[in-house]
Amino acid sequence: MTTLNRTDPLVLGIETSCDETGIGIVRGTALLSNTIASSMDEHARYGGVVPEIAARAHLDELVPAIHAAVAEAGIRLQDLDAIAVTCGPGLSGALMVGVGAAKALAVALDKPIYAVNHLVGHVGADLLHSNTDTSNTDTKPLEYPTIALLVSGGHTSLLLVRDLVSDVELLGETIDDAAGEAFDKVARLLSLPYPGGPQIDRVAASGNPKAIRFPRGLSQPKDMAAHRYDFSFSGLKTSVARFVEQRQDSGEPVPISDVAASFREAVVDILLTKALAACADYNVPRLLLGGGVIANARLRQVATERTDAAGVVLRIPPLSLCTDNGAMIAALGAQLIMAGHEASTLEFGADSTLPVGQIQVSGLAQSLGGP
Amino acid sequence: MLLAIDTSAGTSVAVVDLARGVIAERGEADTMRHAEIVGPFILQCLQEADIAPADLSGVVGGMGPGPFTGLRVGIASARVFALGAGTPLVPVISHDAIAYGHYRRGHTGPLVVVTDARRREIYWSAYSEADAAGLPARVGPPGLAKPAELDDATWLHARWPRLDAATVSAGELGMVAELTHAHQRPFAANEPLYLRSPDVTLSNGPKRVSR
Ligand SMILES: [Zn+2]
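Going down the list, the sequences are from chains D and V. If you read the first sequence in the numbering used here, its first letter stands for residue 779, the second for the next number, and so on. If you read the second sequence in the numbering used here, its first letter stands for residue 1422, the second for the next number, and so on.
Check the hints yourself; a few may be wrong.
Result set (SDA-like, lysine to any residue): computed pairs, CA atoms no more than 25 Å apart in a straight line [what the hints assert, rightly or not]:
{"id": "1", "chain 1": "V", "residue 1": "K1628", "chain 2": "D", "residue 2": "G826"}
{"id": "2", "chain 1": "V", "residue 1": "K1628", "chain 2": "D", "residue 2": "E820"}
{"id": "3", "chain 1": "V", "residue 1": "K1628", "chain 2": "D", "residue 2": "D1036"}
{"id": "4", "chain 1": "D", "residue 1": "K988", "chain 2": "D", "residue 2": "R1025"}
{"id": "5", "chain 1": "V", "residue 1": "K1628", "chain 2": "D", "residue 2": "T1016"}
{"id": "6", "chain 1": "V", "residue 1": "K1567", "chain 2": "V", "residue 2": "H1523"}
{"id": "7", "chain 1": "V", "residue 1": "K1628", "chain 2": "D", "residue 2": "G1029"}
{"id": "8", "chain 1": "V", "residue 1": "K1628", "chain 2": "D", "residue 2": "S1028"}
{"id": "9", "chain 1": "V", "residue 1": "K1628", "chain 2": "D", "residue 2": "Q977"}
{"id": "10", "chain 1": "V", "residue 1": "K1628", "chain 2": "D", "residue 2": "A822"}
{"id": "11", "chain 1": "V", "residue 1": "K1628", "chain 2": "D", "residue 2": "Q1024"}
{"id": "12", "chain 1": "D", "residue 1": "K988", "chain 2": "V", "residue 2": "S1631"}
Rather than coming from a laboratory, the hints here were simulated on the basis of the structure.
Build the full structure now, drawing on both the sequences and the hints.
Structure representation (structure tokens):
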């Protein structure tokens, strides 16, 4: 292996933690390809991601996605400086497909491999800029420390990022459903199709967000001691279900638009209240959003209003980089390389509950000869 | 020379050659560590055989049958290694490797190969003999069954000698591929043999929360 290019490394990222097969290629912070094959449609009839269906789709999509990404980036696989792969957190069987494939690619090409954390990858997405995009050149780079709010169907986490490659702290996370899951479940209660987020957004447009006062989970003083930055959405979902049942039982029509708007408002409110509390408590005037739920227009709108009012700088990567993707994994890999970090050894595994503080898995801890 | 990878049972990786046989092989029976060890095994086999990926004429992938999660790791690795090395993927049915090895060690005539499918089920394949090339002649599909079904006297292969295997040798998988190629026989389809639909139950709509 020749000396690793640590100036502007060409990195291919593989992401298979949930239902998107993501292959991304970056050169340093320049985005060359963000190829995504989603199995979302296959999950629609089940109302949520089915892990086995997602894992099977990853195996089917990997090779075509790598071909497409390499073609789009206009590179050859041999040109790569390194491979990066999501090794956790996520669905175990799905992660294992990407991990196995990434190791095989690294050995076949004789390139170093970086096993990285999916959640930190979401933050890394913000560093990317398009090669051809000149409108973005006056955007300031991501500054540290920053609070990051990551919201998707698989996770709802609040992070304090002091340094992307060396110091990420989990402040809080959901103790039950992820916010995206809550959208899916409430959509089902309202007989709306999967995925729920865009559907709730659509019908909420004509609803009154103040029509029904749904609860904000873990916001009572008694909860704030132990769960100041944690989230809970199962009580909210139950409360929506109870409201809908009461209307149905009494033969009254369910005001779907008002329910959707009020539910969405409760989710958006609790997410941003806690995120801005973290900004204030840690004296960090920066908030970064990531994850698929960021596609929710109301969340972005309220985030803009509240951060403006609080004097907090808001950053939202392009939506194509907010949903799960391989480019963010490649971006984090490139950052690790540029910061001088050594590659992972080939022994790492998939870790469905990888803690967010573990930005890169070295592989040594699980080494073959070890205990 | 071929690199062969099989994770339909434990994890096994080998480098083989038609003339030289199995040149390097690594195996681990543990069925919980496929993703961890497949990479190191590939590297170790290449190093022991003292070859570069470019020296390979193909990558053999064991297509199963096998429990999903593990099986996929090997197929993903084989497919992507082939892509990276710029060499063809050669799909082989994992049971054929088990049968090939058993015939090579002296078995003759009919044979039923059985492996664990978990959840109190088994995978099976039936072979009539090893042909002139030494390749096992599969006459019954890789199938999924309850153990009792194979003991039933009315089953097609009921009284055939049975081999229960807990591991698959990538060396034997690779040799099946070499012989299949040398004798111009067709390869298996490049499809994982799950033999089971994903476990999913369609919900009957949301459950009531209020009484
Ligand atoms: Zn995610």
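Taking the hints in turn, this is what the structure says about them:
1. V:K1628 to D:G826: Between K1628 (chain V) and G826 (chain D) the Cα gap is close to 15 Å, so the pair holds against 25 Å.
2. V:K1628 to D:E820: 23 Å, holds
3. V:K1628 to D:D1036: With Cα atoms ~22 Å apart, K1628 (chain V) and D1036 (chain D) stay inside 25 Å; holds.
4. D:K988 to D:R1025: Answer holds: K988 (chain D) to R1025 (chain D) is near 18 Å, not above 25 Å.
5. V:K1628 to D:T1016: 10 Å, holds
6. V:K1567 to V:H1523: 24 Å, holds
7. V:K1628 to D:G1029: Holds, at roughly 19 Å.
8. V:K1628 to D:S1028: 18 Å, holds
9. V:K1628 to D:Q977: 21 Å, holds
10. V:K1628 to D:A822: Holds, at roughly 19 Å.
11. V:K1628 to D:Q1024: Between K1628 (chain V) and Q1024 (chain D) the Cα gap is close to 14 Å, so the pair holds against 25 Å.
12. D:K988 to V:S1631: 23 Å, holds
Checked against the numbered hints above, the structure breaks none of them.
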